[in-house]
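S.K.: Knowing the structure of chain A, use the given hints to seat chains V and S on it.
Take a look at the letters that make up each chain.
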Amino acid sequence: MHIRTLEISVGAFMLAGILALVFLAVKVSGISLDADRGSYQLVARFDDVAGLRERAKVSIAGVQIGRVALIEVDTIYGQAVVTLEIDGSPGGLSADTGAQILTEGILGARYVNLLPGADDETLADGDLIYDTQGALVLENLVGDLITRLGAG
Amino acid sequence: MIQFLRSFGGRSLDRMASLGRATIMWFTALAGLPGPGDLRLLVRQIYHVGVLSLIIIVLSAFSIGAVIALQFHTQLARFGAEDSVGLGLALVLLRELGPVVTGLLFAGRAGSAITAEIGLMKTTEQLSSMEMMGVDPLRRIVAPRLWAGVISMPLLTAIFNVVAIYGGLVVAVEWLGGDPGGFWSGMQDAVELWHDVGKGMLKSVVFAVVVTWIAVFQGYDTEPTAEGIGLATTRTVVASSVMVLAIDFLLTLSMYGEFN
Amino acid sequence: MNGADDNLIEIRNLSFVRGDRVIFDDLSLSVPRGKITAIMGPSGTGKTTLLRIIGGQVRPDSGVVLIDGQDVCGMSRRELFELRKDMGMLFQSSALFTDLNVFENVAFPLRVHTDLPEDTVRDLVLMKLNAVGLRGARDLMPSQLSGGMSRRVALARAVALDPNLLMYDEPFTGQDPIAMGVLLSLIESLNDSLKTTSLVVSHDIHETISIADQIYLIADGTIMGSGTPDTLAVDDSPRVHQFMHGSPDGPVPFHYPADEFLYDVLGDVNA
Numbered sequence: 012m013h014i015r016t017l018e019i020s021v022g023a024f025m026l027a028g029i030l031a032l033v034f035l036a037v038k039v040s041g042i043s044l045d046a047d048r049g050s051y052q053l054v055a056r057f058d059d060v061a062g063l064r065e066r067a068k069v070s071i072a073g074v075q076i077g078r079v080a081l082i083e084v085d086t087i088y089g090q091a092v093v094t095l096e097i098d099g100s101p102g103g104l105s106a107d108t109g110a111q112i113l114t115e116g117i118l119g120a121r122y123v124n125l126l127p128g129a130d131d132e133t134l135a136d137g138d139l140i141y142d143t144q145g146a147l148v149l150e151n152l153v154g155d156l157i158t159r160l161g162a163g
Numbered sequence: 009m010i011q012f013l014r015s016f017g018g019r020s021l022d023r024m025a026s027l028g029r030a031t032i033m034w035f036t037a038l039a040g041l042p043g044p045g046d047l048r049l050l051v052r053q054i055y056h057v058g059v060l061s062l063i064i065i066v067l068s069a070f071s072i073g074a075v076i077a078l079q080f081h082t083q084l085a086r087f088g089a090e091d092s093v094g095l096g097l098a099l100v101l102l103r104e105l106g107p108v109v110t111g112l113l114f115a116g117r118a119g120s121a122i123t124a125e126i127g128l129m130k131t132t133e134q135l136s137s138m139e140m141m142g143v144d145p146l147r148r149i150v151a152p153r154l155w156a157g158v159i160s161m162p163l164l165t166a167i168f169n170v171v172a173i174y175g176g177l178v179v180a181v182e183w184l185g186g187d188p189g190g191f192w193s194g195m196q197d198a199v200e201l202w203h204d205v206g207k208g209m210l211k212s213v214v215f216a217v218v219v220t221w222i223a224v225f226q227g228y229d230t231e232p233t234a235e236g237i238g239l240a241t242t243r244t245v246v247a248s249s250v251m252v253l254a255i256d257f258l259l260t261l262s263m264y265g266e267f268n
Numbered sequence: 012m013n014g015a016d017d018n019l020i021e022i023r024n025l026s027f028v029r030g031d032r033v034i035f036d037d038l039s040l041s042v043p044r045g046k047i048t049a050i051m052g053p054s055g056t057g058k059t060t061l062l063r064i065i066g067g068q069v070r071p072d073s074g075v076v077l078i079d080g081q082d083v084c085g086m087s088r089r090e091l092f093e094l095r096k097d098m099g100m101l102f103q104s105s106a107l108f109t110d111l112n113v114f115e116n117v118a119f120p121l122r123v124h125t126d127l128p129e130d131t132v133r134d135l136v137l138m139k140l141n142a143v144g145l146r147g148a149r150d151l152m153p154s155q156l157s158g159g160m161s162r163r164v165a166l167a168r169a170v171a172l173d174p175n176l177l178m179y180d181e182p183f184t185g186q187d188p189i190a191m192g193v194l195l196s197l198i199e200s201l202n203d204s205l206k207t208t209s210l211v212v213s214h215d216i217h218e219t220i221s222i223a224d225q226i227y228l229i230a231d232g233t234i235m236g237s238g239t240p241d242t243l244a245v246d247d248s249p250r251v252h253q254f255m256h257g258s259p260d261g262p263v264p265f266h267y268p269a270d271e272f273l274y275d276v277l278g279d280v281n282a
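These protein sequences, in sequence, are chains A, V and S. Reading the first sequence from the start, the letters are residues 12 to 163 in the working numbering. Reading the second sequence from the start, the letters are residues 9 to 268 in the working numbering. Reading the third sequence from the start, the letters are residues 12 to 282 in the working numbering.
Watch out, some of these pointers could steer you wrong.
As the list claims (entries may be wrong) - Now the stretches of chain V that chain A is said to cover, found in silico as 3 or more residues with beta-carbon under 8 Å:
no.: 1; stretch: 163 to 171
no.: 2; stretch: 226 to 238
As the list claims (entries may be wrong) - Each computed DSS-like pair below joins lysine-lysine, with the alpha-carbon atoms no more than 30 Å apart:
no.: 3; chain 1: A; residue 1: K38; chain 2: V; residue 2: K207
no.: 4; chain 1: V; residue 1: K207; chain 2: A; residue 2: K68
no.: 5; chain 1: S; residue 1: K96; chain 2: S; residue 2: K206
Claimed, not checked - Calculated Cβ distances over 10 Å to all of chain S for the following chain V residues:
no.: 6; residue: G17
no.: 7; residue: S68
no.: 8; residue: A74
no.: 9; residue: E133
no.: 10; residue: L184
no.: 11; residue: K207
no.: 12; residue: V213
no.: 13; residue: V246
No lab work stands behind these hints, which were simulated from the structure alone. All C-beta atoms in this analysis are idealised placements derived from N, C-alpha and C, irrespective of residue type, glycine included.
Isolated chain A, as found in the complex:
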């Protein structure tokens, strides 16, 4: 085989491989090639974060705007301290924004849903979200229901 043809095919192969890697990075994992718009962090405290994992979605009105960065525990108050990483610059969320933990579908993954508030002031980097609602734990709901049905 002529050495030139061989070299060309090797070059093509390497190119194909690298393009495949790029494709995987961009199209498959959804990395945005736009300029990095940066992100800021908010903190929310929950009584119960059952099933919420790090890297879970944070969305508002069903649109993903960030991820759960860190889940820690405050043993003094018995609360979960969740750090949210929100895309973009601060100023889009009002100071009285609420946060709740919902489930995708019935058996899906947990995510953090933000409820818009009405305040003129907005949340800045590192601010705390006050209004939180813990995860609805299926077992508790069923237990609740059984109790109610029993009482009725």
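M.R.: For chains V and S alone, kept in the frame of chain A given last:
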């Protein structure tokens, strides 16, 4: 019983001696990092090891992607979750099947070819004559093949993943009438660059090192007979496959196992 | 180096054991400069190993191997590299590099050991190929060559650098009469024209005695006999005699050790 223990012990010592020889060979070969003149040798090896493996990789990838998408679709449709086919397919491929299947195919196609070639060179005294002319066969024959394997296999894995996803797309969307938007967005939501793509690629690099090392060593260490080459080739395929699967198990546990 | 010392290679008290087999036991021999020396002996006596020891590929357990006064056994890689510039070896299987064509094979040692410009390399290669009569085959691949042609190309490659020492490992094995004749004449003419020292390892008696100036017979790790072809032919020690004349039975027995034939055959009859 004593006899069994003796032979087992003997074989274990043999294996250990083999491993020792293999490690020495590895370091000696790597020490001869390719120089400018060796670039041509490297390119030639990448052709033999990478380019020539493309056909089997692409064909297998397409089939596997299609088949998995089909199976996932059947199961997920029960829960009305067909949109998750893309997601499931991508995660399974990137994390597991891509690196592992590519590793196995590579071991069978390129690994055995490398072993046979080096074994033949040893048997026909080409390695010896090279040495007598003052050329280090480790540098001229072994090192280019080692590097070619380590470079080619991750690239082949990436190509495998892409083609397999495409195969799944064809099945899920064209054939089964799924929603292409759902296919891709579900995937993009769940797949992460480092956690899924990155770690999968890391696995692939580890496999590449292991498979190529085994292939090269078996060829270099073979009994210089026709029979010996046959045995060595078989050993390469078997040992590489077992190692890929075993290491995959360990890597998966450490990368993705969440022990609560 | 002594002025009177006419030997290119001096081997003294060479001992080498592989596993539990004694390959060489206190062997000493010398290879005179400019002559054709043959090492002969029954198969498996380690004749090829001897060549490898001389070439520095294998290290003996004890003993001294002097090439031009320098001991090969203690040499560093660098020194071996330099030494091998001056050695050419023809392997039993010709050992041509299967991924290079004839021209590239012969050019290989030139490219490795010298910095000569391409034109010079080309001329030298063509000269060597011409000397073995295969200049027209320069673009063929080794797989396209017959056995005899491969050997000739390998020979051209071995002499590419005009070495002082040429070693031949079983060059006559399996050759047809014509190829044999070609090889014999090449070995002799190369020895004369290049003024090299030739060391031929073989067990083909007729061919070897027709060109050798001096012969060593090696068996069981030591030298059975040595001398010119003529002196050896009339040597009356039993082993030498058996080898030189190819007698089927003698000190090396015909029968593999076994019980008395009669008892074996009549085994089930009360003997």
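S.K.: Hint by hint, which ones does this structure get wrong, listed from lowest number up?
M.R.: Numbers 2 and 9 - these are the hints that the structure violates, sorted from lowest upward.
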